[in-house]
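**Student:** The chain contents come next:
Number of protein chains: 2
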Amino acid sequence: MDKIRIGIVGYGNLGRGTELAIRQNPDMELACVFTRRDPASLKILTEGVPVYSMNDIADHKGDADVLILCGGSATDLPEQGPKLAEMFCTVDSFDTHAKIPQYFEAVDSSAKKGGNVSIISVGWDPGMFSVARLYGSCILPHGNTYTFWGKGVSQGHSDAIRRVEGVVDARQYTIPVEAAVEAVRSGADPELTTRQKHTRECFVVVKEGADKAKIESEIKNMPNYFADYDTTVHFISQEELDRDHSGIPHGGFVIRSGKTGECGETNHIVEYSLKLGSNPEFTSSILVAYARAAYRMHKEGQSGAKTVFDVAPAYLSVKSGAEIRAEML
Amino acid sequence: MDKIRIGIVGYGNLGRGTELAIRQNPDMELACVFTRRDPASLKILTEGVPVYSMNDIADHKGDADVLILCGGSATDLPEQGPKLAEMFCTVDSFDTHAKIPQYFEAVDSSAKKGGNVSIISVGWDPGMFSVARLYGSCILPHGNTYTFWGKGVSQGHSDAIRRVEGVVDARQYTIPVEAAVEAVRSGADPELTTRQKHTRECFVVVKEGADKAKIESEIKNMPNYFADYDTTVHFISQEELDRDHSGIPHGGFVIRSGKTGECGETNHIVEYSLKLGSNPEFTSSILVAYARAAYRMHKEGQSGAKTVFDVAPAYLSVKSGAEIRAEML
Numbered sequence: 534m535d536k537i538r539i540g541i542v543g544y545g546n547l548g549r550g551t552e553l554a555i556r557q558n559p560d561m562e563l564a565c566v567f568t569r570r571d572p573a574s575l576k577i578l579t580e581g582v583p584v585y586s587m588n589d590i591a592d593h594k595g596d597a598d599v600l601i602l603c604g605g606s607a608t609d610l611p612e613q614g615p616k617l618a619e620m621f622c623t624v625d626s627f628d629t630h631a632k633i634p635q636y637f638e639a640v641d642s643s644a645k646k647g648g649n650v651s652i653i654s655v656g657w658d659p660g661m662f663s664v665a666r667l668y669g670s671c672i673l674p675h676g677n678t679y680t681f682w683g684k685g686v687s688q689g690h691s692d693a694i695r696r697v698e699g700v701v702d703a704r705q706y707t708i709p710v711e712a713a714v715e716a717v718r719s720g721a722d723p724e725l726t727t728r729q730k731h732t733r734e735c736f737v738v739v740k741e742g743a744d745k746a747k748i749e750s751e752i753k754n755m756p757n758y759f760a761d762y763d764t765t766v767h768f769i770s771q772e773e774l775d776r777d778h779s780g781i782p783h784g785g786f787v788i789r790s791g792k793t794g795e796c797g798e799t800n801h802i803v804e805y806s807l808k809l810g811s812n813p814e815f816t817s818s819i820l821v822a823y824a825r826a827a828y829r830m831h832k833e834g835q836s837g838a839k840t841v842f843d844v845a846p847a848y849l850s851v852k853s854g855a856e857i858r859a860e861m862l
Numbered sequence: 534m535d536k537i538r539i540g541i542v543g544y545g546n547l548g549r550g551t552e553l554a555i556r557q558n559p560d561m562e563l564a565c566v567f568t569r570r571d572p573a574s575l576k577i578l579t580e581g582v583p584v585y586s587m588n589d590i591a592d593h594k595g596d597a598d599v600l601i602l603c604g605g606s607a608t609d610l611p612e613q614g615p616k617l618a619e620m621f622c623t624v625d626s627f628d629t630h631a632k633i634p635q636y637f638e639a640v641d642s643s644a645k646k647g648g649n650v651s652i653i654s655v656g657w658d659p660g661m662f663s664v665a666r667l668y669g670s671c672i673l674p675h676g677n678t679y680t681f682w683g684k685g686v687s688q689g690h691s692d693a694i695r696r697v698e699g700v701v702d703a704r705q706y707t708i709p710v711e712a713a714v715e716a717v718r719s720g721a722d723p724e725l726t727t728r729q730k731h732t733r734e735c736f737v738v739v740k741e742g743a744d745k746a747k748i749e750s751e752i753k754n755m756p757n758y759f760a761d762y763d764t765t766v767h768f769i770s771q772e773e774l775d776r777d778h779s780g781i782p783h784g785g786f787v788i789r790s791g792k793t794g795e796c797g798e799t800n801h802i803v804e805y806s807l808k809l810g811s812n813p814e815f816t817s818s819i820l821v822a823y824a825r826a827a828y829r830m831h832k833e834g835q836s837g838a839k840t841v842f843d844v845a846p847a848y849l850s851v852k853s854g855a856e857i858r859a860e861m862l
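Chains as they are written, first to last, in our numbering: chain A, 534 to 862; chain B, 534 to 862.
Check before you lean on any hint, since a few could be wrong.
Each pair may be met inside one copy or between any two copies, as identical chains are not told apart.
Claimed, not checked - Mimicking DSS-like on lysine-lysine, the simulated pairs with C-alpha atoms at most 30 Å apart in a straight line are:
| no. | residue 1 | residue 2 |
| --- | --- | --- |
| 1 | K632 | K852 |
| 2 | K747 | K536 |
| 3 | K616 | K632 |
| 4 | K684 | K832 |
| 5 | K616 | K576 |
| 6 | K645 | K740 |
To be clear, the hints were calculated from the coordinates, so they are not data collected in a lab.
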């Protein structure tokens, strides 16, 4: 069997996780890595795999069957996604929910032009959580869907704290409110405000002599990020931060609470939950599975942008249809 | 918009649940019901919908877009599935796991002959649990999958008890062993025997003067059904059974415990869980969502047998691709 040749674009946490995930899939191999840094400066884990400059990516059109785009959603993907979809089949984790429709259109038009399949917004949210929301709402049309995140590290919120004057380093945990979760699981269908669903806990390292009260107030009142939440701020040393908060765990759950029966008298609770030791390693494992799907859908002659909603589960498996029916159905 | 016309084959708990589920889906309508009983004797919930004899089903080929087959897997579906797939698009809940491959082949050949789409083994297990097993194993290839059932009523085990001499009525609950579930959720990847995973609790009504000790022993030692489990038997009155055990709740969970990282040092737990007020009402709600998928895949020109693995999630939704991308991704 010819292996599916994967190219990684961007070698940060997600790119490194993708490299590790490829090793767990016997039908795949890492073909090349593209970086915006000086390729000679980049040391990757896999021996003998070439590292190229992003500037030269067009010269390597035939070198990978699928590119996994490991850049960020703020600036990298909006530019790279549409550009690369014309040259390669791609998978990415574009996660700016509000901008997904316009990103989809841009990638779709490029992918169709190039005759490629590009699966966008793959990961766990958007991604597996989206699938859970869709299945839940289709199976139980009369009901409510709740998404909780955490306990886990929010990279975006940690970065926001780091931008506060006087802050040296920070780590922010998003934590679901247990009482809210229990109310949802009971089938009570509560209406929950942002504040009632999650709390935010911050571990912050400050410069010597910094005004801690001012920093705490600035964090807690930061619009969009913290103002709508009950936020706790702990000031700790850099040593404590490095020792106790170096991991990137995350998780969360999607709950569909639905009613059936003649008068909606029967309750059902469907819950999809994740407890992740490493957010980027889990996300990249999902990206790799969807790279297999992109490869197969392209082989079948499909093209254009897709999301997890458009991918039949069978495309993700290394096994044949007959095998998965016999072993997993 | 033309509504999708659904025909129900078999009007027991599942058929009645299907009738109720159709009402929750504005793009569908109940077109007709087929029964093996005398049609005149059958009173259904929906006014003005014709009830026909199963014997005349070939005369009604154009009356429904999709048939939902609500018979049992032991004798009804092996005969009806392949026969009806040649005449109609169908959805069924065939759940004899070991016989799925041969059932798939039989339905596939008929459905292709008739140019129809037939989605088999739809429900929660097989069905949504199968999807959870497949997603979990594709995303985390290095890991273990665990399926637990309950707490819930097993119809098959209740029936088996009723066949014991001296038994008037019975209800059997399958209960997951909490310690086993917790071990799996901790990421410990335990190897679990049948006995370690579930217990069985039986509520039994006996004839006056029956030998309870003999009945209890006969139940507990019944091969396949109870011998491999720790089983508890409670003798109660018919009044108590009717009062406390008339519902058909069920549920369970699929847990994927997987490792990532350079040496498998990172743990991840993915869990899909169900708490169902009514097993047949939930199962029929799933059947109805997949009837929409069968209808659409058929409209696209597809044919043959499919399973939940072959159906992209988007096919299940009444909403358009653009809508679900904007609202649920």
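**Student:** Each of the hints needs a verdict: does it hold here or not?
**Tutor:** Cross-check of the supplied hints:
no.: 1; hint: K632 with K852; result: between (35 Å within a copy, 19 Å between copies)
no.: 2; hint: K747 with K536; result: neither (56 Å within a copy, 61 Å between copies)
no.: 3; hint: K616 with K632; result: within (17 Å within a copy, 48 Å between copies)
no.: 4; hint: K684 with K832; result: neither (40 Å within a copy, 44 Å between copies)
no.: 5; hint: K616 with K576; result: within (26 Å within a copy, 61 Å between copies)
no.: 6; hint: K645 with K740; result: neither (52 Å within a copy, 72 Å between copies)
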